[in-house]
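Given the coordinates of chain V, assemble chains S and C onto it according to the supplied hints.
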Amino acid sequence: MNSPSKGFELAGVSVLYEEHPALLDFDLRVRPGEALAFVGPSGAGKTTALGLCNATVRPTSGSVSLDSEDLSEAANARLRELRARIGFIPQELGLIPNLRVSQNVLAGRLGHQGLFASLRPLLRAGSAELEKVLAILDRLGIGEKLFHRVDSLSGGERQRVAIARTLYQEADYLIADEPLSALDPARARETISLLTEVARENELGLILSLHDIELAREFIPRLIGLRRGRVLFDKPAKDVTEDELAELYRLEDTDRVS
Amino acid sequence: MSAEAFQRRPSSFSRRGRLLFALLLAALLSWISLGLSLEDLVPREGGRSILALFMEGALNPAFDYEAASVPEGTPPLLVKVAGAAANTLLFAIAGMSLSLIIGLVLGFLGSTSWWAAEGAVSPLGRGPLRKLMPLLYAGVRALIALMRSVHELLWAILFLAAFGLNNFSAVIAIAIPYGGTLAKVFSELLDECPRESARNLRAIGAGPIQVFLWGLLPRAIGDMSAYSFYRFECAVRSSAILGFFGYPTLGYFLRLSAENVHYREVWTYLYALIVIVIVLELWSTKLRARMVIR
Amino acid sequence: MTTRLETLYKARPKNRLVRASVYTLSFLTLVTWSSGTIMPGDLFTSRRLENLERFLTSDIIPYPIRESGFEWGVLWTWMSELFLDRGLDAALATLAISVLAIVLAMLLSWLFAPLAAGNLATRRPFDATPGNDTVLWRALRFTVRAVMILLRSIPEYVLAFLLLAVLGPNHAWPAVLALALHNSGILGRLGAETIENLEPAPLRTLTALGAPRRSVLVAGVFPIALGRYLLYFFYRFETCIREATVLGMLGVVSLGFYISDARGKMFYDEMLFLILLGAGIVLLSDLLSATARRYLRAAS
Numbered sequence: 001m002n003s004p005s006k007g008f009e010l011a012g013v014s015v016l017y018e019e020h021p022a023l024l025d026f027d028l029r030v031r032p033g034e035a036l037a038f039v040g041p042s043g044a045g046k047t048t049a050l051g052l053c054n055a056t057v058r059p060t061s062g063s064v065s066l067d068s069e070d071l072s073e074a075a076n077a078r079l080r081e082l083r084a085r086i087g088f089i090p091q092e093l094g095l096i097p098n099l100r101v102s103q104n105v106l107a108g109r110l111g112h113q114g115l116f117a118s119l120r121p122l123l124r125a126g127s128a129e130l131e132k133v134l135a136i137l138d139r140l141g142i143g144e145k146l147f148h149r150v151d152s153l154s155g156g157e158r159q160r161v162a163i164a165r166t167l168y169q170e171a172d173y174l175i176a177d178e179p180l181s182a183l184d185p186a187r188a189r190e191t192i193s194l195l196t197e198v199a200r201e202n203e204l205g206l207i208l209s210l211h212d213i214e215l216a217r218e219f220i221p222r223l224i225g226l227r228r229g230r231v232l233f234d235k236p237a238k239d240v241t242e243d244e245l246a247e248l249y250r251l252e253d254t255d256r257v258s
Numbered sequence: 001m002s003a004e005a006f007q008r009r010p011s012s013f014s015r016r017g018r019l020l021f022a023l024l025l026a027a028l029l030s031w032i033s034l035g036l037s038l039e040d041l042v043p044r045e046g047g048r049s050i051l052a053l054f055m056e057g058a059l060n061p062a063f064d065y066e067a068a069s070v071p072e073g074t075p076p077l078l079v080k081v082a083g084a085a086a087n088t089l090l091f092a093i094a095g096m097s098l099s100l101i102i103g104l105v106l107g108f109l110g111s112t113s114w115w116a117a118e119g120a121v122s123p124l125g126r127g128p129l130r131k132l133m134p135l136l137y138a139g140v141r142a143l144i145a146l147m148r149s150v151h152e153l154l155w156a157i158l159f160l161a162a163f164g165l166n167n168f169s170a171v172i173a174i175a176i177p178y179g180g181t182l183a184k185v186f187s188e189l190l191d192e193c194p195r196e197s198a199r200n201l202r203a204i205g206a207g208p209i210q211v212f213l214w215g216l217l218p219r220a221i222g223d224m225s226a227y228s229f230y231r232f233e234c235a236v237r238s239s240a241i242l243g244f245f246g247y248p249t250l251g252y253f254l255r256l257s258a259e260n261v262h263y264r265e266v267w268t269y270l271y272a273l274i275v276i277v278i279v280l281e282l283w284s285t286k287l288r289a290r291m292v293i294r
Numbered sequence: 001m002t003t004r005l006e007t008l009y010k011a012r013p014k015n016r017l018v019r020a021s022v023y024t025l026s027f028l029t030l031v032t033w034s035s036g037t038i039m040p041g042d043l044f045t046s047r048r049l050e051n052l053e054r055f056l057t058s059d060i061i062p063y064p065i066r067e068s069g070f071e072w073g074v075l076w077t078w079m080s081e082l083f084l085d086r087g088l089d090a091a092l093a094t095l096a097i098s099v100l101a102i103v104l105a106m107l108l109s110w111l112f113a114p115l116a117a118g119n120l121a122t123r124r125p126f127d128a129t130p131g132n133d134t135v136l137w138r139a140l141r142f143t144v145r146a147v148m149i150l151l152r153s154i155p156e157y158v159l160a161f162l163l164l165a166v167l168g169p170n171h172a173w174p175a176v177l178a179l180a181l182h183n184s185g186i187l188g189r190l191g192a193e194t195i196e197n198l199e200p201a202p203l204r205t206l207t208a209l210g211a212p213r214r215s216v217l218v219a220g221v222f223p224i225a226l227g228r229y230l231l232y233f234f235y236r237f238e239t240c241i242r243e244a245t246v247l248g249m250l251g252v253v254s255l256g257f258y259i260s261d262a263r264g265k266m267f268y269d270e271m272l273f274l275i276l277l278g279a280g281i282v283l284l285s286d287l288l289s290a291t292a293r294r295y296l297r298a299a300s
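Chains as they are written, first to last, in this note's numbering: chain V, 1 to 258; chain S, 1 to 294; chain C, 1 to 300.
Just so you know, not all the hints are guaranteed correct.
[Claimed, not checked] List time: in silico EDC-like cross-link candidates among lysine to aspartate or glutamate, alpha-carbon distance up to 20 Å:
#1 S:286 - C:50
#2 V:6 - V:69
#3 V:235 - V:214
#4 C:10 - V:138
#5 C:14 - S:223
#6 C:265 - C:85
#7 C:14 - V:144
#8 C:10 - V:129
[Claimed, not checked] If you only want the chain C side, here are some residues facing chain S, beta carbon under 7 Å, derived:
#9 40
#10 52
#11 55
#12 167
#13 186
No lab work stands behind these hints: they were computed from the structure. Idealized CB from N, CA, C, for every residue including glycine.
Okay, chain V solo, but in the shape it has when bound (with noise of 0.2 Å):
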């Protein structure tokens, strides 16, 4: 499992948006089951880097490889199946909101099916598929919601329906950008402990982009630090000294111009 071909590799890696440096020679290896974070002011390419990983922004140089095979020279039709190993909740969760929740967990299957497999959930799934997603939710604690809208569920819920999509999905990895933004202190620890403890049960590697300084030292061993598309600091959690925070988020007069 810890053979070295295994896991993301990224090497020399650099983004431009229209000329716009978003992240410049960046190295990264994640490992299987590894859990990491991204840490560092908005704007400094963590959003960025989460794309690169889950292959959809394409490095402008440098590679990105997932298992030794390098994700900008897939065909789409291997990008998919690539794709489909890489479970992602983005910050709005992405779930649709007039689905239930069965359909919307039911969805995180869709790139391992073909285009008709895949029309039978959406409209009535079987009993084998509903009791698999049933079980999930039950995990989660949300098994009761199983045929609810989505848009009738509280925000924790449907976090919670979000972390669902991934488990059915069989990921091996599992992606998620700012996943406690706009919750409340308490919300917030609950969901990254969440986070966390799914992630060991299940093997997934766990790859957060988070800006709650705090909260990742406690619960996430291996610390990225991003600062204008640069590495400042990749190393585990409980080495990160205060100086090198206190370099992370130093405000200079062109980061308040941008």
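Coordinates of chains S and C only, in the frame set by chain V:
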């Protein structure tokens, strides 16, 4: 009200004010160019008696034929009214069901969301033909515009000339312009609906058609059904009018009764139409309240 | 299915109205297509196909071309003669009828809308406290709403047909009035909805300051609601032009008059030309009202 008076108001109002002023001016010019006079609004002798009959009929619609004698074997008036009302609904439903199919297909082809996006699907394949996509898109938009810019009654007389009187041609006369209108509105709804679920599905490996069916269509379908229901209401009115051209809907009998100066019968047919439209409107208002997506 | 799934499925939140509507409409559609009244096959009997062939290969070919043995050069002369002889005048008349009608409808709807709006037509406007609504106000709102629904449920074409009998065919009033009345019912409802959706706080302040209803309406409601109302207005304007074209078929001088004239004489080439001219006007008005809407949106 003069233009200067409007211009003294704050600026956002002045834009609306200018538009309003232009409209009033255009209306005045129209009045003059049509040569209308207020005197003509007062009915002449003959018109007055018709108006009196008409008003009387409103309060006292016919439940039986006004004519002293009707030919042997004529069904009772109310049966005839019910039949005409049923036919009006039949033509409207048939027209709507066809136009929904047209609207869904052309609305899908006419929206930019499925082919302009990254990694999107293309019915022309992934080869060099794909470059023709904007051309296909423009063609579909032009077709939609042509279909809906010709009124359903004009489609009806075109089909009358081409095929002769035939119920199915009345149905397609409704289906074509309504299909065009639905296509236009559907494509706009699809293009305007929020993208984040679609983007997310793509990120976890869903194909473009899957993204459309799971991520876009469900989000737009509430508004699409609400609008379709409203168009159904309009289709009932159109279907009633098609009777003026010989189809067995309410308009046909209404016209016959009016030409025989049987205004109480006219009102019976009118009330039938009004009741249908009001029931549909109440129904659709209730439905729309339930289907608001938030 | 296990019992747990079944229980959850049975207990799922359902929307009875939506469900019942879907079933009813599907059933009606099924009945329609199996009733035998509408048979797609009827269109393709040999007699109808012959008719279609004659229509396509001869009837709609402009007659100078038919006469000259398909000399397409004369097409332009034929079209421009037709256009100058009747097309242009009829097109302008159509435009004038619809502009006048829609503006009249707008004025009428300004009368209806405030009287039908639930938050304005009460004892104290924009006041949500109970006891504000009295029987009299409720009756007024109901009456105005009933009048509007009556007006919009009668199609323009039928209204024009009836008005023609009363007012006579020598002027455009029947068409103008029919369009104005029908559209006032629609615009009135949209206007009332616009007023009901207004942010009540600033308007309540006005009334709290003791402003009379009249000035709340003129200084508060009207300017705030106007922007949204005009957006609706231009949507209706498009449809109004479409309808104005057709009303001519009853005998008022608009494009429809010449269309039905050509139809009566079986000059199908001329009929097609005029129909296409009408389509052109509709497309032009689409463009016009889209521009107006963009102009308005830029203002807000």
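* Asked: Is the straight-line distance between the alpha-carbon of residue 10 of chain C and that of residue 138 of chain V 20 Å or less?
  -> Within the cut-off at roughly 18 Å; holds.
* Distance restraint between residue 14 of chain C and residue 144 of chain V, which requires alpha-carbon spacing of 20 Å or less -> holds (15 Å)
* Does residue 186 of chain C pass the interface hint, meaning its C-beta sits closer than 7 Å to a C-beta of chain S? -> Since the shortest Cβ distance to chain S is 11 Å, the answer is violated.
* Please work out if residue 10 of chain C and residue 129 of chain V have their alpha carbons no farther apart than 20 Å. => Since the Cα atoms of residue 10 of chain C and residue 129 of chain V sit roughly 18 Å apart, the hinted pair holds (cutoff 20 Å).
* Does the interface hint hold: is residue 55 of chain C within less than 7 Å of chain S, judged Cβ to Cβ? -> Holds. Min distance 4 Å.
* Do the alpha carbons of residue 6 of chain V and residue 69 of chain V lie within 20 Å of each other, as the hint requires? -> Roughly 10 Å separates the two Cα atoms, so the pair holds.
* Taking the closest Cβ pair, is residue 167 of chain C under 7 Å from chain S? -> Check passed: Cβ of residue 167 of chain C comes within 6 Å of chain S, closer than 7 Å.
* Asked: Taking the closest Cβ pair, is residue 40 of chain C under 7 Å from chain S?
  -> OK, holds: residue 40 of chain C within 7 Å of chain S, min 5 Å.
* Take the C-alpha atoms of residue 286 of chain S and residue 50 of chain C, compute the straight-line distance between them, and say whether it is at most 20 Å. => violated (48 Å)
* To do: Decide if the proposed pair is consistent with the structure: residue 14 of chain C and residue 223 of chain S, CA atoms, cutoff 20 Å inclusive.
  => holds (19 Å)
* residue 235 of chain V and residue 214 of chain V: Cα distance at most 20 Å? -> OK: residue 235 of chain V and residue 214 of chain V at ~15 Å, within 20 Å.
* Asked: Is it true that the CA of residue 265 of chain C sits at most 20 Å from the CA of residue 85 of chain C?
  -> holds (17 Å)
The structure does not agree with the numbered hints 1, 13 stated previously, though it agrees with the rest.
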